[in-house]
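Line by line, the protein sequences give chains A and V.
Each residue of the first sequence is one higher than the one before, starting from 1 at the first, in our numbering.
Each residue of the second sequence is one higher than the one before, starting from 1 at the first, in our numbering.
Fair warning: there could be bad hints in the mix.
Stated by the list, open to error - Here are the computed lysine to any residue pairs in the SDA-like style, where the Cα-Cα straight-line distance is at most 20 Å: (1) A/K94 <-> A/R32; (2) V/K176 <-> V/E218; (3) A/K12 <-> A/Y312; (4) A/K368 <-> V/R66; (5) A/K349 <-> V/E249; (6) A/K349 <-> V/E110; (7) V/K373 <-> V/E249; (8) A/K349 <-> V/A109; (9) A/K310 <-> A/N3; (10) A/K349 <-> V/K364; (11) A/K97 <-> A/L86; (12) A/K349 <-> V/R42; (13) A/K27 <-> A/F293; (14) A/K349 <-> V/T52; (15) A/K349 <-> V/T108; (16) A/K368 <-> V/T52; (17) V/K400 <-> V/P389; (18) A/K349 <-> V/A54; (19) A/K119 <-> A/I73; (20) A/K349 <-> V/R144; (21) A/K119 <-> A/E50; (22) A/K349 <-> A/N388; (23) A/K349 <-> V/T98; (24) V/K189 <-> V/G285; (25) A/K349 <-> V/Q321; (26) V/K410 <-> V/V443; (27) A/K368 <-> V/T108; (28) A/K119 <-> A/Q168; (29) V/K410 <-> V/R144; (30) A/K368 <-> V/F45; (31) A/K349 <-> V/R66; (32) V/K189 <-> V/Q321; (33) A/K226 <-> A/D407; (34) A/K349 <-> V/N112; (35) A/K368 <-> V/K189; (36) A/K349 <-> V/K398; (37) A/K349 <-> V/E58; (38) A/K119 <-> A/N169; (39) V/K398 <-> V/D423; (40) V/K364 <-> V/L314.
Treat the hints as calculated values from the structure; they're not laboratory data.
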Amino acid sequence: MANLANDFVGIKSPNPFWLASAPPTDKEYNVRRAFEAGWGGVVWKTLGAEGPPVVNVNGPRYGAIFGPDRRMIGMNNIELITDRPLQQNLREIKAVKRDYPDRAVVVSLMVPCEEEAWKAILPVVEETGADGVELNFGCPHGMAERGMGSAVGQVPEYIEMVTRWCKQNTRMPVIVKLTPNITNIVYPAEAARRGGADAVSLINTVNSITSVDLDAMCPEPMIDGKGTHGGYCGPAVKPIALNMVAEIARNAETAGLPISGIGGVTTWRDAAEFMALGAGNVQVCTAVMTYGFRIVTEMIAGLSAWMDEKGYSSTADFVGKAVPNVTDWQFLNLNYITKAVIDQEACIKCGRCFAACEDTSHQAILMKEGRVFEVDESECVACNLCINTCPVEGCITMRTLAPGETDKRTGETVPEEYGNWTTHPNNPGASCAAE
Amino acid sequence: MQNSQRTPGVVAGRLDQASYRRNFDDLHPPLDAHEAAVAADRCYFCHDAPCTAACPTEIDIPMFIRQIQSGDPDNAARTIFAQNILGGMCARVCPTETLCEEACVRQTAEGNPVEIGQLQRYATDHMMEQGIHPYTRGGATGRRVAVVGAGPAGLACAHRLAMHGHDVVIFDARQKPGGLNEFGIAAYKAPDSFAAAEVAWLLKIGGIEIRYNQVLGEGLLLEDLQAEFDAVFLGMGLAGVNALRTEGEEHAHVRDAVDFIAELRQAEDLSTIPVGRDVVVIGGGMTAVDAAIQSKLLGAEHVTMVYRRGSNQLSASTFEQELATAKGVKIVLNAQPVAFESEDGETVSSVTFAYTEDGPAGLKLSEETFTLKADQVFKAIGQSLKGVPGVLETTEGKIKVEGAGRTSLKGVWAGGDCATGGDDLTVTAVAQGRDAAEDIHAVLAGADAVAAE
Chain A
1 MANLANDFVG IKSPNPFWLA SAPPTDKEYN VRRAFEAGWG GVVWKTLGAE GPPVVNVNGP
61 RYGAIFGPDR RMIGMNNIEL ITDRPLQQNL REIKAVKRDY PDRAVVVSLM VPCEEEAWKA
121 ILPVVEETGA DGVELNFGCP HGMAERGMGS AVGQVPEYIE MVTRWCKQNT RMPVIVKLTP
181 NITNIVYPAE AARRGGADAV SLINTVNSIT SVDLDAMCPE PMIDGKGTHG GYCGPAVKPI
241 ALNMVAEIAR NAETAGLPIS GIGGVTTWRD AAEFMALGAG NVQVCTAVMT YGFRIVTEMI
301 AGLSAWMDEK GYSSTADFVG KAVPNVTDWQ FLNLNYITKA VIDQEACIKC GRCFAACEDT
361 SHQAILMKEG RVFEVDESEC VACNLCINTC PVEGCITMRT LAPGETDKRT GETVPEEYGN
421 WTTHPNNPGA SCAAE
Chain V
1 MQNSQRTPGV VAGRLDQASY RRNFDDLHPP LDAHEAAVAA DRCYFCHDAP CTAACPTEID
61 IPMFIRQIQS GDPDNAARTI FAQNILGGMC ARVCPTETLC EEACVRQTAE GNPVEIGQLQ
121 RYATDHMMEQ GIHPYTRGGA TGRRVAVVGA GPAGLACAHR LAMHGHDVVI FDARQKPGGL
181 NEFGIAAYKA PDSFAAAEVA WLLKIGGIEI RYNQVLGEGL LLEDLQAEFD AVFLGMGLAG
241 VNALRTEGEE HAHVRDAVDF IAELRQAEDL STIPVGRDVV VIGGGMTAVD AAIQSKLLGA
301 EHVTMVYRRG SNQLSASTFE QELATAKGVK IVLNAQPVAF ESEDGETVSS VTFAYTEDGP
361 AGLKLSEETF TLKADQVFKA IGQSLKGVPG VLETTEGKIK VEGAGRTSLK GVWAGGDCAT
421 GGDDLTVTAV AQGRDAAEDI HAVLAGADAV AAE
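Sequences and hints are given; from them, build the entire structure.
Right under this line is the structure:
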């Protein structure tokens, strides 16, 4: 069986599944249950500076988007950092780490943007025996209004500055948690690296309003007739997170910077996808907040079965393996031509492909007598919309045209060689390059 | 409970009250809001949807299901009622397994269609339970239309005529409106007096008067209606019952299934309805199945339904047949009664059947016979047209209609079970009544236009 043991910036854990800094890791009680269930590590819920703890709202702090059968698709929250006294958290972290020395215990931190504040908290965390710290530069609600969380994460200079303070004041590995609420994820990641970060973790939650109560005319979750934006997470944000992880992994300035992948990881497969795009491990939150800690059993079994099947003996064998295949649009092969093919045996004649193509795409599906749907190759641009709308998996597929075959849409012969936009005759820049 | 399932003879009160309640409760309990959301999510919103094409009233099924999905059941109901004002009853009694749900692409894909009937009920109940009637009567035209029969065809016709502003008088043979919805459908398909509530709801549009105890051919004459009204719609169904013409048919407790079903539907207390210990039902249609199942549910110990042809010609759907057998009804095929016997010379005690053979020359009785013990026999071998004047052209026992229900007489339309072109279903009757109303309206409007010139 594949070995899931994971080494992330020197922090060892029996598997790459960590719990993200969030409500599930706010207390010793929860974290012990998580470790008993088999989680490889936790990032303890964000600690603030010494003094009176923050307070949370006393009405609902979570909102959600559901599928029709109440499957949670996305969740948002307006919870702040831990609202428990610093010393209590530190005592509990120490006790848990003592009892679970093989698990990763990383402590999330968020203190004011002053060097003294960071200098004060780092040693007391170090004293617990924790394996590392994660700088919470991501939280988009509440704390950001106080100049912390994403207010720092949105300014690369601050990220660099605070990261440097931390590296100068602790021997623990420093992971910088990034906010997705920015225009280009690469800039904060580069700043973290310049500041000396050992790794970045991403994404934190996405600014959001989950829904609007149309009777109260108020965003959800509603607190006494008012609502505020909260952080969106769960399966819905995974595509956003995957892209941001990949962008950092393939960017020259940040290539090789270890990444802890976060954002809608729900199953072993999600984890494998994040890791294939360069994440050294993953952090999970919404999935356990929906189903409880037991889901890690599926994740461990699923990932190792897949690794066995693929012949990977350790997680390092496949981390980043998909990164070389993430490219810019301009380098995609324009000579790669496919056409949709409908398997008439599998077709259930719903006509969704027809409606989608006819109304919103290229009129490349013909509806014939007896509800027979056929692709008109002379119109098909291979956009994939029919495949995406077809309720029968595998019913519509793409056939790759062989070199030498004629593309009925253009009347041109499919070339043998690779050709992209940079060399395409329609590209005004291409001719210059050729000259 | 004095009697039990084993008490001989035709007696009432074979069961305790709890059993009656359980047996005659909703066959399919309604979906709640969450179940409806989950069921609605299964709809693919097909292009040119096969379910809509399979619906005799052509309800825009994907649209109403989408409206349920979006949390708007009342607009879903409007989508349904626009095509079928008796959408509430049709949701309960339509043989969906042979109509919309059979055509559903998920039936093709996985043998498990979208629950269209149940979703339709969810939407229509949602609106009707609030007492909302979504239509108002059109501006009065001064035209008067007579409708004969307050069943599905007549009600659908009357409602559509009222929408167009015509005055409607419905003449019904019974003391209560609803036709087969009220008197002819198994009780467990429309419990809680749904048929009566639906008619009351439908009449909220206004402009429809119902006169009871008006039997066509018995005091109520077509020629009088023609003289008094601008148009006549005949939708009185099939009031006659086919006779078996079998020896011993006159014995007590040999009766028509339709009467038994009507009596049962009208009963305040099911424990007062007598039923035999050994019941035999003759026939293979929905009436036969309804009589057989309900006999069983009333506590008959043995119920046998005997049909003279094979299963492929049984007009009751597979679902109905399976429901019957699940309730404990035994179905015997390819047998025809040859004699009803009586031990005491008065009441039936057994029925002798001969097996039949279906050949090129038609059905032939074989030599082989068998006898079933029977203290009660229900005949359900079909209904027939009754009270129609000879001036109306008929074909194969039905009023001949063309187009949107036009009969051979000018100014007289027909629809529902009494007319050709339907399938003896509530939903086809609704479609015919509705379409005839549109045609009547067009003709009356045309006449007005000519008169104005």
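Against the structure, the hints come out as follows:
Taken as a hint, the A/K94 and A/R32 pair is honoured in the structure, with Cα atoms around 12 Å apart against an allowance of 20 Å. The straight-line distance between the Cα atoms of V/K176 and V/E218 is roughly 18 Å, inside the 20 Å bound, and the hint therefore holds. About 19 Å separates the Cα atoms of A/K12 and A/Y312, which keeps this hinted pair within 20 Å; it holds. The straight-line distance between the Cα atoms of A/K368 and V/R66 is roughly 26 Å, outside the 20 Å bound, and the hint therefore fails.
Our distance criterion of 20 Å between C-alpha atoms is broken by A/K349 and V/E249, whose separation comes to about 52 Å. A hinted pair counts as satisfied when its Cα atoms are at most 20 Å apart, and A/K349 with V/E110 qualifies at roughly 13 Å. Pair hint V/K373 plus V/E249 holds up; C-alpha atoms about 15 Å apart against a cutoff of 20 Å. In summary, the hint linking A/K349 to V/A109 is supported, as the alpha carbons are separated by about 9 Å, within the 20 Å threshold.
A C-alpha spacing of about 13 Å is found between A/K310 and A/N3, which places the hinted pair at or below 20 Å, so the restraint holds. Distance hint between A/K349 and V/K364 is unfulfilled; the C-alpha atoms sit about 44 Å from each other, more than 20 Å. At roughly 16 Å between alpha-carbon atoms, A/K97 and A/L86 fall within 20 Å of each other, so this suggested pair holds. Restraint check for A/K349 and V/R42: satisfied, since their Cα atoms lie roughly 15 Å apart, inside the 20 Å limit.
Taken as a hint, the A/K27 and A/F293 pair is honoured in the structure, with Cα atoms around 14 Å apart against an allowance of 20 Å. For a cut-off of 20 Å, the pair hint linking A/K349 to V/T52 stands: about 14 Å separates their Cα positions. Between A/K349 and V/T108 the CA atoms are separated by roughly 9 Å; this keeps the pair inside 20 Å, and the hint holds. For the proposed pair A/K368 and V/T52, the alpha carbon gap of about 18 Å is at most 20 Å, so the pair holds.
Between the alpha carbons of V/K400 and V/P389 the distance comes to roughly 13 Å, so the proposed pair stays at or under 20 Å and holds. For the given pair, A/K349 sits about 14 Å from V/A54 by alpha-carbon distance, which is consistent with the 20 Å threshold. Between A/K119 and A/I73 the CA atoms are separated by roughly 40 Å; this puts the pair beyond 20 Å, and the hint is violated. Restraint check for A/K349 and V/R144: the C-alpha separation of about 47 Å exceeds 20 Å, so the hint is violated.
Distance restraint check for A/K119 and A/E50: the Cα-Cα separation of roughly 12 Å lies within the 20 Å cut-off, and the hinted pair is therefore satisfied. Proximity of A/K349 to A/N388 is assessed by CA-CA distance (about 15 Å); at most 20 Å being required, the pair is judged to hold. Distance hint between A/K349 and V/T98 is fulfilled; the C-alpha atoms sit about 18 Å from each other, no more than 20 Å. Only pairs whose Cα atoms come within 20 Å are accepted, and V/K189 paired with V/G285 is accepted, the gap being roughly 16 Å.
With a CA separation close to 29 Å, the supplied pair A/K349 and V/Q321 exceeds the 20 Å bound. For the hint linking V/K410 to V/V443, the alpha-carbon distance of about 11 Å falls within 20 Å, and the restraint holds. Note on A/K368 and V/T108: the hinted pairing holds, with a Cα-Cα distance of about 18 Å set against a maximum of 20 Å. With a C-alpha separation of about 9 Å, the suggested pair A/K119 and A/Q168 falls inside the 20 Å cut-off, and the hint holds.
For the given pair, V/K410 sits about 16 Å from V/R144 by alpha-carbon distance, which is consistent with the 20 Å threshold. Between A/K368 and V/F45 the CA atoms are separated by roughly 19 Å; this keeps the pair inside 20 Å, and the hint holds. Pair hint A/K349 plus V/R66 holds up; C-alpha atoms about 19 Å apart against a cutoff of 20 Å. Using a Cα cut-off of 20 Å, the hinted pair V/K189 and V/Q321 holds, with the two alpha carbons roughly 15 Å apart.
Taken as a hint, the A/K226 and A/D407 pair is broken in the structure, with Cα atoms around 58 Å apart against an allowance of 20 Å. Annotation: proposed proximity of A/K349 to V/N112 holds, straight-line Cα distance about 15 Å (limit 20 Å). The straight-line distance between the Cα atoms of A/K368 and V/K189 is roughly 40 Å, outside the 20 Å bound, and the hint therefore fails. Among the hinted pairs, A/K349 with V/K398 is inconsistent with the structure: their alpha-carbon atoms are about 37 Å apart, more than 20 Å.
The straight-line distance between the Cα atoms of A/K349 and V/E58 is roughly 19 Å, inside the 20 Å bound, and the hint therefore holds. Between A/K119 and A/N169 the alpha-carbon distance is near 6 Å, which keeps this suggested pair within the 20 Å criterion. For the hint linking V/K398 to V/D423, the alpha-carbon distance of about 12 Å falls within 20 Å, and the restraint holds. For the hint pairing V/K364 with V/L314, the CA-to-CA distance comes to about 17 Å; that is within 20 Å, so the pair holds.
When each numbered hint is compared with the structure, violations occur for hints 4, 5, 10, 19, 20, 25, 33, 35 and 36.
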